[in-house]
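Produce the complete structure using the sequences and hints provided.
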Amino acid sequence: MKQISTTNAPAAIGPYSQALRTGNMMFVSGQIPVDPATGLMADTIEAQAAQSLTNLKNILAAEGLSMKNVIKTTVFLADLNDFSKVNAVYETFFEAPYPARSCVQVAAIPKGAGVEIECIAVVD
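Count the sequence shown with my numbering and you get residues -9 to 114, in order.
Source of the hints: derived by calculation from the structure; they are not laboratory data.
Each hint should be verified, as a subset may be incorrect.
[Stated by the list, open to error] For each label pair, taking beta carbons as the anchor points, the in silico distance ranges come out as:
id	residue 1	residue 2	range
1	Pro100	Glu36	15 to 23 Å
2	Asn14	Ser74	31 to 39 Å
3	Gln(-7)	Val112	16 to 24 Å
4	Asn(-2)	Phe84	15 to 23 Å
5	Asn71	Asp114	17 to 25 Å
6	Ala37	Ala1	19 to 27 Å
7	Glu53	Thr28	33 to 41 Å
[Unchecked claim] Straight-line Cα separation of at most 30 Å, DSS-like style, residue types lysine-lysine; simulated pairs:
id	residue 1	residue 2
8	Lys58	Lys47
9	Lys75	Lys(-8)
10	Lys(-8)	Lys101
11	Lys47	Lys101
12	Lys62	Lys47
13	Lys58	Lys75
14	Lys75	Lys62
15	Lys62	Lys101
16	Lys58	Lys101
17	Lys47	Lys75
18	Lys(-8)	Lys58
19	Lys75	Lys101
20	Lys(-8)	Lys47
From the three backbone atoms N, C-alpha and C, an ideal C-beta is built for every residue, glycine too.
Here you go:
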């Protein structure tokens, strides 16, 4: 098993890894919309979704992968009413065939974020 880490995404805020790779599988921890350069979060859910996905993209890139390698995502929303707004941003980061996905509303997300996204990627 190999630990994956990059400064182009927020550092883990607890006892976990940004990502782990084992064999041809990479598991990326949930990414909240913190800009790693500033430590800040945007106000709109659209900007937050874009930052969370950018953080995932940057972690994948640290291992030479792209969003095309993603086979499964889980989207956690603080408010399910934001689903269509997040979905509009989400679809700009992926192309067909789209990854399998779950999307659920949760009671709270760390740092008061509106969205958190995790993924599983495979190396072809």
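To see whether the hints hold, each was checked on the structure:
Taking the beta carbon of each, Pro100 and Glu36 are about 20 Å apart, inside 15 to 23 Å as hinted. Checked against the given bound of 31 to 39 Å, the beta carbons of Asn14 and Ser74, roughly 34 Å apart, stay inside it. Between Gln(-7) and Val112, the C-beta spacing of about 18 Å keeps the proposed range 16 to 24 Å intact. With their beta carbons about 19 Å apart, Asn(-2) and Phe84 fall inside the hinted range of 15 to 23 Å.
In this structure, Asn71 and Asp114 break the distance hint of 17 to 25 Å, their C-beta atoms being roughly 37 Å apart. Here the CB-CB span from Ala37 to Ala1 is close to 21 Å, well matched to the stated 19 to 27 Å. Taken as a hint, the range 33 to 41 Å is violated for the pair Glu53 and Thr28, whose Cβ atoms sit roughly 24 Å apart. With a C-alpha separation of about 10 Å, the suggested pairing of Lys58 with Lys47 holds against the 30 Å cut-off.
Our distance criterion of 30 Å between C-alpha atoms is broken by Lys75 and Lys(-8), whose separation comes to about 35 Å. At roughly 28 Å between alpha-carbon atoms, Lys(-8) and Lys101 fall within 30 Å of each other, so this suggested pair holds. Simply put, Lys47 and Lys101 have alpha-carbon atoms about 21 Å apart, close enough for the 30 Å limit, and the pair holds. A hinted pair counts as satisfied when its Cα atoms are at most 30 Å apart, and Lys62 with Lys47 qualifies at roughly 14 Å.
This hinted pair checks out: Lys58 and Lys75 have alpha carbons roughly 22 Å apart, not beyond 30 Å. As the CA atoms of Lys75 and Lys62 are separated by approximately 20 Å, the hinted pair is consistent with the 30 Å bound. Of the pairs offered as hints, the one joining Lys62 and Lys101 holds, with about 24 Å between alpha carbons and a cut-off of 30 Å not exceeded. For the given pair, Lys58 sits about 29 Å from Lys101 by alpha-carbon distance, which is consistent with the 30 Å threshold.
Taken as a hint, the Lys47 and Lys75 pair is honoured in the structure, with Cα atoms around 19 Å apart against an allowance of 30 Å. Of the supplied pair hints, the one linking Lys(-8) and Lys58 holds, its CA atoms being roughly 21 Å apart against a limit of 30 Å. The hinted pair formed by Lys75 and Lys101 meets the criterion: a straight-line CA distance of about 20 Å does not exceed 30 Å. A C-alpha spacing of about 18 Å is found between Lys(-8) and Lys47, which places the hinted pair at or below 30 Å, so the restraint holds.
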